[in-house]
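Let the hints inform the model, and build the full structure from the sequences given.
Heads up: the sequence lines are chains A and B, in that order.
For what it's worth, our numbering labels the leading residue of the first sequence as 1008, then goes sequentially.
For what it's worth, our numbering labels the leading residue of the second sequence as -17, then goes sequentially.
Since the hints were made in silico from the structure, they are not lab data.
Where hints are given, some of them may not hold.
What the hints assert, rightly or not - List time: in silico EDC-like cross-link candidates among lysine to aspartate or glutamate, alpha-carbon distance up to 16 Å:
#1 A:Lys1282 to A:Glu1468
#2 A:Lys1413 to B:Glu35
#3 A:Lys1413 to B:Glu62
#4 A:Lys1413 to B:Glu75
What the hints assert, rightly or not - Distance ranges between label pairs, derived from CB positions:
#5 A:Pro1378 to B:Gly50: 28 to 34 Å
#6 B:Gly50 to A:Gln1434: 23 to 29 Å
#7 B:Glu43 to A:Arg1316: 42 to 48 Å
Quick reminder that beta carbons are idealized off the backbone N, C-alpha and C, glycines included.
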Amino acid sequence: MNDPNTSSQESGFLSRRRFISQSAGAGLVLAAPNILKAAEKGGSDKIHVALVGFGKQQEVLFAAMKNIPGLHFQAVCDISDWNRKKGMNQVRAHQGSAPEAYVDIDEMLSAEKGLDVAVVATPDFWHSPHTVKCLEAGLNVYCEKMMSNTIDGARAMVKAAEASGKLCQIGHQRRSNPRYRYTFEQLINGQKIAGQLTNVQAQWNRSLGASQDIGGKKIPKGVQVDEAILNQYGFKDMHQFMNWRLYRDLSGGPISDLGAHQIDIFNWFLEAQPKRLYATAGKAYFKQREHFDNVLCLFDWETKYGEVRGFYQVLTTTSSGGGFWENFMGTEATIKTAEIAATSAIYRESGAPSWDDLVGQGYLKKKPAPPKPAATAGAVASYESAAPEEYDLPGGLPLVTTKDGKVIPKPAHQPHLENFFASVRGQATLNCDARHAFESEAPIFYINESADKQAPIELTEELLSV
Amino acid sequence: MSDEATPATEAPAAQSKESSCESTLACDKLALLFGSILCRLWLGVRALQTGIEKYSGQKAENSEVEAGGEATGLYAGSTEKAYSLEYYTGVPEGLRSQFEAEPLMIGFALNIFDKLLGPALIVMGITLLLGVGSRISLLAQGLLYTGLTWGLILLNQGSGIAWLGTHIILIVLALNLIKHDRLVILKKW
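Right under this line is the structure:
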């Protein structure tokens, strides 16, 4: 299973029993997602891309794709005139020629010849139908996470990808982030600097201001979509179209929208799926919303380290605790990872072996010690652990020069897209194909259910398999 | 008494100096020549370098970080300023997207303006600095700044409009002084 030369065809015909037997143990395939053999495509050919959906997330992806050479954006598809026009303008400004524009994906797939790739960034409940259609039409697909708003939708994507033999990368972009990969491959597995991992913890806390409904009460005329079109594509009205993340039939809510990225990292780094979870959640502030505004979830894993327990929270009413990050807590160190480099850090336990040698070899950089806090009458010194030393990674993502001569850190989504397009060219293997994304996302589909039932859920093999 | 007497005794000398300048016009001519050159020089440099800066950008330098003698996939980066045709940006991207959203802005006109802005500024800068058809160059520069002003009016950017307004005042001043300018290659136009 860990053989990187295993083809997608082979993986598509894995029996369920074989899959379970290989994934149920601690050495789950989650840790080695480079399973799919890349599609064969000439190294110098242009890759012809269809952009399916051109909302805010596609803009983020497009900004990253603009830095990747050899792409031709052939078509843009969106039901919104505003989004479609925006997409066409951005593509034209980038490549000098406008793409073909479509309202309907079926029309696009039947009319457009020579497409190689679809980049799907539509609302979650459309991910699975759109991805399946594109795969069946013979396109390789990059689809935003969460794979679907339902586990059956996600299952359909895995089956379609494996039946078609085409590539399907899911947008868990941290999987290709060099900082995350270095932390996992070199520090945790290579140098084993955390010792025995025993606990994980992560949060995505977002302020009230950033969690408000999009669009407000008065949506400009130019942005509005005809009601008949909205209804045809599953939206009740403009509010649903702009705020689909708030509706149960259209998305998994904050735990899947924000939490999926980080729970994926739990499963990737621990090389396992959780055995059980228990969530509590509610509508503390946004009482009219269908989804919970605050979700807290406990997980239990059986891993190669032994038992690991974890806690995850997504709060949409406060940015407390520094936004979003993940903590991997071991007997010798805590590794704090985050997509924002400045938020990450590595803390050495005072009793752990010295890391001077690792610093000398370039594996880590030592941060200056913070000022020692003054002793207070309320603290009992003998009860406290010594403050851990703080370290940092030795580098970060490369800087890139944009087409108009600006230097920016490589956009966070770019490495994952580069990995996808390199795989399409046959020069790499996917870092997060549909099957591995499914394994990682599957537990997330049960978090809202646990909170609804106010009961723990045993995550059996049947629940977590395709 | 002496305080009152002093101005009375100095006044004739000052009057004599002024009338000397008026009679010969030597002082004014020199000042007007300097004024016209400075005005032309300032506007020429302003246009030329602004045009050249449209081709400037930052070049990223990355060195891959090694640990234990092997590549890590991580980078240490630095930047340096560079000029290249491929860095050309006429209308800055932030402004461009705002213009595109304006209903009165015509798409193809924006594209033409975007493509011509940098080269036009460079040409105007060179002709002004060399003194080739200075009147036409100043008129063209004034029209260009008026076009930019119209765009900023659409976006309600008061400070930018005022800033361009000072350029127009300088252009009008330069046009007024141009007849005194002798250090030119082509005086006509």
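Here's how the hints hold up against the structure:
Distance check on the hinted pair: lysine 1282 (chain A) and glutamate 1468 (chain A) sit about 9 Å apart at the alpha-carbon level, within 16 Å; holds. Proposed proximity of lysine 1413 (chain A) and glutamate 35 (chain B) is supported: the alpha carbons are some 13 Å apart, at most 16 Å. Our distance criterion of 16 Å between C-alpha atoms is met by lysine 1413 (chain A) and glutamate 62 (chain B), whose separation comes to about 10 Å. Taken as a hint, the lysine 1413 (chain A) and glutamate 75 (chain B) pair is honoured in the structure, with Cα atoms around 11 Å apart against an allowance of 16 Å.
The hinted window of 28 to 34 Å between proline 1378 (chain A) and glycine 50 (chain B) holds, with their beta carbons roughly 32 Å apart. For glycine 50 (chain B) and glutamine 1434 (chain A), the hinted distance range of 23 to 29 Å is satisfied, since their beta carbons lie about 26 Å from each other. Under the hint 42 to 48 Å, the C-beta atoms of glutamate 43 (chain B) and arginine 1316 (chain A), about 44 Å apart, fit the expected range.
Checked against the numbered hints above, the structure violates none of them.
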